[in-house]
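*Asks:* Since the structure of chain A is already known, use the hints to place chain R on it.
Chains as they are written, first to last, in the numbering used here: chain A, 295 to 583; chain R, 87 to 263.
For the record, the hints were derived by calculation from the structure and aren't laboratory data. Even for Gly, the Cβ is constructed at its ideal location relative to N, Cα and C. Nothing false has been slipped in among the hints.
Calculated from the model, a selection of chain A residues having no Cβ within reach of chain R, i.e. all distances over 10 Å:
no., residue
1, Val-492
2, Ser-508
3, Gln-509
4, Gln-549
5, Gly-554
If you anchor each label on the Cβ, the simulated ranges turn out as follows:
no., chain 1, residue 1, chain 2, residue 2, range
6, A, Pro-533, R, Pro-117, 33 to 41 Å
7, A, Lys-575, R, Thr-119, 31 to 39 Å
8, R, Phe-217, A, Gly-321, 24 to 32 Å
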Amino acid sequence: MKEKLQNFTKELLPKNMLFLMTVICIGMMGATHLNAGFAAPLRTAVGYIVIPLQKGINRIGTFGSELFQERMNLEQMQNRIDDLEQEVENLQSQLSFYQNDSMELERLQKLLDLYDSYRNYEMTGASIIAKEEGSWYQRFTIDKGTNDGIQAGNNVIADGGLVGIVTSASATFSVVTAIIDDSINVSAMSQTSQELCVVSGDQTLIGEGCIQISQVAADSSIGSGTAIVTSNVSDRYLPGILIGHVKELTTDVNQLTKSGYLTPVVNFKTLKDVLVILGVKETTVEDDF
Amino acid sequence: MIKSMRRVFVAAALIVVFYVLQTTLLHWIFPHTAPPNLLLILTVSAGLLRGRKEGMMTGFFCGLLADVFSGGMLCFYSLIYLYLGYFNGILRKSLVSDLPLLPMLLCGLSDLFYHIYIYTFSFLLRNRLDFTVYLEDVVMPELIVTIAAGILFYGILLAINGALEKKEKEGASKFVS
Numbered sequence: 295m296k297e298k299l300q301n302f303t304k305e306l307l308p309k310n311m312l313f314l315m316t317v318i319c320i321g322m323m324g325a326t327h328l329n330a331g332f333a334a335p336l337r338t339a340v341g342y343i344v345i346p347l348q349k350g351i352n353r354i355g356t357f358g359s360e361l362f363q364e365r366m367n368l369e370q371m372q373n374r375i376d377d378l379e380q381e382v383e384n385l386q387s388q389l390s391f392y393q394n395d396s397m398e399l400e401r402l403q404k405l406l407d408l409y410d411s412y413r414n415y416e417m418t419g420a421s422i423i424a425k426e427e428g429s430w431y432q433r434f435t436i437d438k439g440t441n442d443g444i445q446a447g448n449n450v451i452a453d454g455g456l457v458g459i460v461t462s463a464s465a466t467f468s469v470v471t472a473i474i475d476d477s478i479n480v481s482a483m484s485q486t487s488q489e490l491c492v493v494s495g496d497q498t499l500i501g502e503g504c505i506q507i508s509q510v511a512a513d514s515s516i517g518s519g520t521a522i523v524t525s526n527v528s529d530r531y532l533p534g535i536l537i538g539h540v541k542e543l544t545t546d547v548n549q550l551t552k553s554g555y556l557t558p559v560v561n562f563k564t565l566k567d568v569l570v571i572l573g574v575k576e577t578t579v580e581d582d583f
Numbered sequence: 087m088i089k090s091m092r093r094v095f096v097a098a099a100l101i102v103v104f105y106v107l108q109t110t111l112l113h114w115i116f117p118h119t120a121p122p123n124l125l126l127i128l129t130v131s132a133g134l135l136r137g138r139k140e141g142m143m144t145g146f147f148c149g150l151l152a153d154v155f156s157g158g159m160l161c162f163y164s165l166i167y168l169y170l171g172y173f174n175g176i177l178r179k180s181l182v183s184d185l186p187l188l189p190m191l192l193c194g195l196s197d198l199f200y201h202i203y204i205y206t207f208s209f210l211l212r213n214r215l216d217f218t219v220y221l222e223d224v225v226m227p228e229l230i231v232t233i234a235a236g237i238l239f240y241g242i243l244l245a246i247n248g249a250l251e252k253k254e255k256e257g258a259s260k261f262v263s
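With the rest of the complex left out, here is chain A (with noise of 0.2 Å):
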């Protein structure tokens, strides 16, 4: 049977061998298209090796610029002193007008019964270990999957806001979508006025570190500035999770709707760990009559 088999691949001439290649391809995209949990076994099987080598080299690299940033932060240290210093002074100043607001800010979300919902959901945390290979997609790796209660759908945030979504969860890790993706787009809405708009990542601005904001209604409060969360509609993200501020809109031609750009509260690139929120959104699905 071997034998058999080798004697084939030898005789096999190469543009038959593209050509079977090419068939196979094409049927396993097709297949894990339709039916995502074909490929599993194969995603837990390779992760087993792959990701404690990431692992490994990400303990070492970290180790490693922990020390040069020890040595470059005892020289800055002297000069950040004295500008914090200058910094405390202003900030006392503003910090009683601040606790104002927080306990005015307490006090209505008593009375609105609007507790910061995500808090209630059970939580873990997570270590990126590696990035997607090319600058196509703002994918990365995690350290937890399955084992640890992750599946995909769940929520991911960081720096107290919305990173991205769990795309794919193996035994011991999963691939996190950050919001910026090109691909993802989320249901959003104004955390004072609940007004409906939709945020989506796009590829051409990375590069300025914002995303698209689009779908405000004209005559809406939204402006820049304003704070913009996920809305209680969407069917994947959790309701209240802080995406970012808006940087400008401007009106669509349509004179219906405005759009522009926001800025995450997430930087993406120097991001390292994360919480994934275990829960993931409980949607009724309406059936046929």
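*Replies:* Chain R in isolation, oriented as in the chain A frame:
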């Protein structure tokens, strides 16, 4: 049999090592742009040094590894790497000197085709028509670093291939005598 097993083992190890380097270490060396595409360099080199069949198989598995960790459908990357391995394999006979001029050129050309493939199937079909912007932001930076890294890594792969061939010859002569 042992000979081909050794080849397969070395190729598998190279694919994994190149992939891990590309997704971790190279991201720190190139924090602001895309890192060089090592899997592509490996595929091009396999085609050039070993011919169409091995180019194809190396490409297929390079792509499969990238597919596994992209979380999308399988064999999306495999398909393009498969063809890159095949077409670079055709040019094996034109590789006359050890100078990395032709490999450099082919790394660049292959990378361009690779990006056009991704753009076409992943962006153009979603009505993202601004190819020039993507060319400037995504394709060109990676193309340049890939060509540069191509010289270095092609050299390494050439040396590994040489060492393996030497060992195979030794084994063959032992067998004859």
